[in-house]
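Engineer: Listed below, chain by chain, are the residues.
2 protein chains.
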Amino acid sequence: MSTVTNIKKTVSGEMELFEKKFRSSLKSSAPLLDKITHYIIKRKGKQVRPLFVFLTAKLTGKVTDSTYNAAALIELLHTATLVHDDVVDDAYERRGFFSLNALWKNKIAVLVGDYLLSRGLLLSIDRGEFDLLRLVSNAVKEMSEGELRQIEKTRKLNITEEVYFEIIRQKTATLIAACCASGGASNGSDQKTIDKLYKMGELTGIAFQIKDDLFDYGAGSKIGKPTGIDIKEKKMTLPLIYALNNANQSTRKKLIYIIKNKNNDNKKVSEVIDYVNSSGGIEYAAQKMNAYADEAKEILMEFPENEARQSLFNLIDYTIKRVK
Amino acid sequence: MSTVTNIKKTVSGEMELFEKKFRSSLKSSAPLLDKITHYIIKRKGKQVRPLFVFLTAKLTGKVTDSTYNAAALIELLHTATLVHDDVVDDAYERRGFFSLNALWKNKIAVLVGDYLLSRGLLLSIDRGEFDLLRLVSNAVKEMSEGELRQIEKTRKLNITEEVYFEIIRQKTATLIAACCASGGASNGSDQKTIDKLYKMGELTGIAFQIKDDLFDYGAGSKIGKPTGIDIKEKKMTLPLIYALNNANQSTRKKLIYIIKNKNNDNKKVSEVIDYVNSSGGIEYAAQKMNAYADEAKEILMEFPENEARQSLFNLIDYTIKRVK
Numbered sequence: 002m003s004t005v006t007n008i009k010k011t012v013s014g015e016m017e018l019f020e021k022k023f024r025s026s027l028k029s030s031a032p033l034l035d036k037i038t039h040y041i042i043k044r045k046g047k048q049v050r051p052l053f054v055f056l057t058a059k060l061t062g063k064v065t066d067s068t069y070n071a072a073a074l075i076e077l078l079h080t081a082t083l084v085h086d087d088v089v090d091d092a093y094e095r096r097g098f099f100s101l102n103a104l105w106k107n108k109i110a111v112l113v114g115d116y117l118l119s120r121g122l123l124l125s126i127d128r129g130e131f132d133l134l135r136l137v138s139n140a141v142k143e144m145s146e147g148e149l150r151q152i153e154k155t156r157k158l159n160i161t162e163e164v165y166f167e168i169i170r171q172k173t174a175t176l177i178a179a180c181c182a183s184g185g186a187s188n189g190s191d192q193k194t195i196d197k198l199y200k201m202g203e204l205t206g207i208a209f210q211i212k213d214d215l216f217d218y219g220a221g222s223k224i225g226k227p228t229g230i231d232i233k234e235k236k237m238t239l240p241l242i243y244a245l246n247n248a249n250q251s252t253r254k255k256l257i258y259i260i261k262n263k264n265n266d267n268k269k270v271s272e273v274i275d276y277v278n279s280s281g282g283i284e285y286a287a288q289k290m291n292a293y294a295d296e297a298k299e300i301l302m303e304f305p306e307n308e309a310r311q312s313l314f315n316l317i318d319y320t321i322k323r324v325k
Numbered sequence: 002m003s004t005v006t007n008i009k010k011t012v013s014g015e016m017e018l019f020e021k022k023f024r025s026s027l028k029s030s031a032p033l034l035d036k037i038t039h040y041i042i043k044r045k046g047k048q049v050r051p052l053f054v055f056l057t058a059k060l061t062g063k064v065t066d067s068t069y070n071a072a073a074l075i076e077l078l079h080t081a082t083l084v085h086d087d088v089v090d091d092a093y094e095r096r097g098f099f100s101l102n103a104l105w106k107n108k109i110a111v112l113v114g115d116y117l118l119s120r121g122l123l124l125s126i127d128r129g130e131f132d133l134l135r136l137v138s139n140a141v142k143e144m145s146e147g148e149l150r151q152i153e154k155t156r157k158l159n160i161t162e163e164v165y166f167e168i169i170r171q172k173t174a175t176l177i178a179a180c181c182a183s184g185g186a187s188n189g190s191d192q193k194t195i196d197k198l199y200k201m202g203e204l205t206g207i208a209f210q211i212k213d214d215l216f217d218y219g220a221g222s223k224i225g226k227p228t229g230i231d232i233k234e235k236k237m238t239l240p241l242i243y244a245l246n247n248a249n250q251s252t253r254k255k256l257i258y259i260i261k262n263k264n265n266d267n268k269k270v271s272e273v274i275d276y277v278n279s280s281g282g283i284e285y286a287a288q289k290m291n292a293y294a295d296e297a298k299e300i301l302m303e304f305p306e307n308e309a310r311q312s313l314f315n316l317i318d319y320t321i322k323r324v325k
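If you're matching them up, the sequences are chains A and B in order. So for the first sequence, this note's numbering puts the first residue at 2; every next one is plus one. So for the second sequence, this note's numbering puts the first residue at 2; every next one is plus one.
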């Protein structure tokens, strides 16, 4: 499997310049904001999203100024949602650093998220990038709606497979779809091409989220052990949904009883995980994940061969083979 | 003094139709969201912001479809920031209802705020209202930056009068300025007119915030008694800044010592309030407030007379004479 570092090589110059531009776009006149954005830059992730933007632009033509702008807006938006997620998840740690939430509390996290998002929007408005604005505003809407739907379903424990896919499409796939579509749009690709790229990104995003959900059951993760966090938070994901659908009524009742319990110890959570494993829930979810990734690759392969196509192939592959 | 209900009469048909459109624009496919937006509509405030939009449109020409769109986007944004403020302020009560925060917790408040904002943005993008988008995105940026700056200054207790005015311009006046400018822009007014309306709104917004800050000292409020909340939260507003600037060093030290104390009882807070009163801080702030409102009215009076002009005059007057 290619690593992200390897995949980045195709657009290494672009990614470097992007990073520079991104940093300077975060500058603010308020010292507190500067301190926080400095901290955000330090804990930056793998930058998979800008990578999708640059690679889809190269797949379909040239990287332009608009490509940089799209990558910056999407990374700003992604950072804003991570900051807001710190509130949403009550997360105390994120990527090994303390979360903004823990360090500066909820109020600042919310304000910084709003600030980053509006900075990104202004950049694009000033440049007249309205297609990009639509893609990104739609992504924000879908993401927040998807998260809210998940919270609702989590309370009621009545999520179906169909609803699960709709939620992960909204909360995760829409943004990767926007990355791919805006990469294409940034060099003037026609609408049909942009739509294809959107679909490719959406399918990849769904596979990406199933992979994340599998980690909770220890499947394919670096640590190799289940974390069981989703179960403790009553978040029902594909492996569990499948297992419940295929359990007899008394087993189903027993599992739901455990999941509903507020004070689950690790032993109880292990019972659920073991059942999900033995019922084939992990396998089923992995199959689905692979099918989505394959469908994304099929769309990709309709594009003429070039270096970016190979890198995108590896990037889609990475989303389902990564170990963390 | 005219009441808001009276002022609304000039645009009563428009405000009614706006309300209908606004409600339907909040509809969502997620039941939880629908429940929350229903709740938001129920606790709606005086809708001063849409009122500024419609009245400035009528002042300068006709109310158009774009006027409705501007009013809806700004009210969505304002609602989104109120929802986010519930997190920011840790407020447990707002306008007599329980805050969203208390009822559904921080995470939902953040997501609903994001959702409302993106819905508003999409509406305007779909309609190609790019001037409006710029005004509104800029307002979001200024508001979050202003709030963050206030938090920073609150910690350090070193706010100057100049910084105070910059903060309230950012956090409060920018949005009212955007209301007035977008009202003018919605019927195709020229840039010079739009700029004048922006300035008028900004001045009004500054006066509006000074009025709010005066309430904390009991000045001009319905309840007639100081609440002292700002002092307890170490928020230094104009009356206190003036008082500290004009205190001798030992008094200044003593006051700062009280304000810094984490567990201030009402007696200690009263000491500060009494000093602010006796030092002329209330009077000074009220004078400044009146001067800003007067300047706003002067700009207003440069427009030709019509019914909307009189209503706007009354609305500016209302912002400084209201009792809550």
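Don't read these hints as lab results, they were simulated from the structure. Hints are supplied without guarantee of correctness; some may be wrong.
No copy is singled out in the list; a pair is fine if it fits within one copy or between any two copies.
Dumping the calculated DSBU-like pairs for lysine-lysine here, alpha-carbon to alpha-carbon at most 30 Å [stated by the list, open to error]:
| # | residue 1 | residue 2 |
| --- | --- | --- |
| 1 | K47 | K254 |
| 2 | K108 | K10 |
| 3 | K322 | K197 |
| 4 | K21 | K235 |
| 5 | K193 | K157 |
| 6 | K233 | K28 |
| 7 | K236 | K263 |
| 8 | K108 | K226 |
Engineer: At most 30 Å between C-alpha atoms: does K193 with K157 qualify within a copy, between copies, both, or neither?
Structural biologist: Answer is neither: 40 Å inside a copy and 55 Å across each miss the 30 Å cutoff.
Engineer: Is it within, between, both or neither when you check K322 against K197 at 30 Å Cα-Cα?
Structural biologist: within (23 Å within a copy, 58 Å between copies)
Engineer: When no copy is named, should K233 and K28 be tagged within, between, both, or neither for a Cα gap of at most 30 Å?
Structural biologist: neither (39 Å within a copy, 32 Å between copies)
Engineer: Given a CA cutoff of 30 Å, do K108 and K10 count as a within-copy pair, a between-copy pair, both, or neither?
Structural biologist: So K108 and K10 fail the 30 Å test inside a copy (39 Å) and across (38 Å) alike.
Engineer: First find the shortest C-alpha distance between K21 and K235 inside one copy, then the shortest across copies, and answer within, between, both or neither for a cut-off of 30 Å.
Structural biologist: neither (41 Å within a copy, 38 Å between copies)
Engineer: Quick one: K108 to K226, C-alpha cut-off 30 Å, is that within a copy, between copies, both, or neither?
Structural biologist: between (35 Å within a copy, 28 Å between copies)
Engineer: Check K47 against K254 for me: Cα-Cα at most 30 Å, and say if that holds within a copy, between copies, both or neither.
Structural biologist: neither (41 Å within a copy, 50 Å between copies)
Engineer: My question is about K236 and K263: at a cut-off of 30 Å on alpha-carbon distance, are they close within one copy, between copies, both, or neither?
Structural biologist: Within one copy only: 13 Å inside a chain, 39 Å across chains, cut-off 30 Å.
Figure legend: structure checked against the earlier numbered hints; hints not met, in rising order: 1, 2, 4, 5 and 6.
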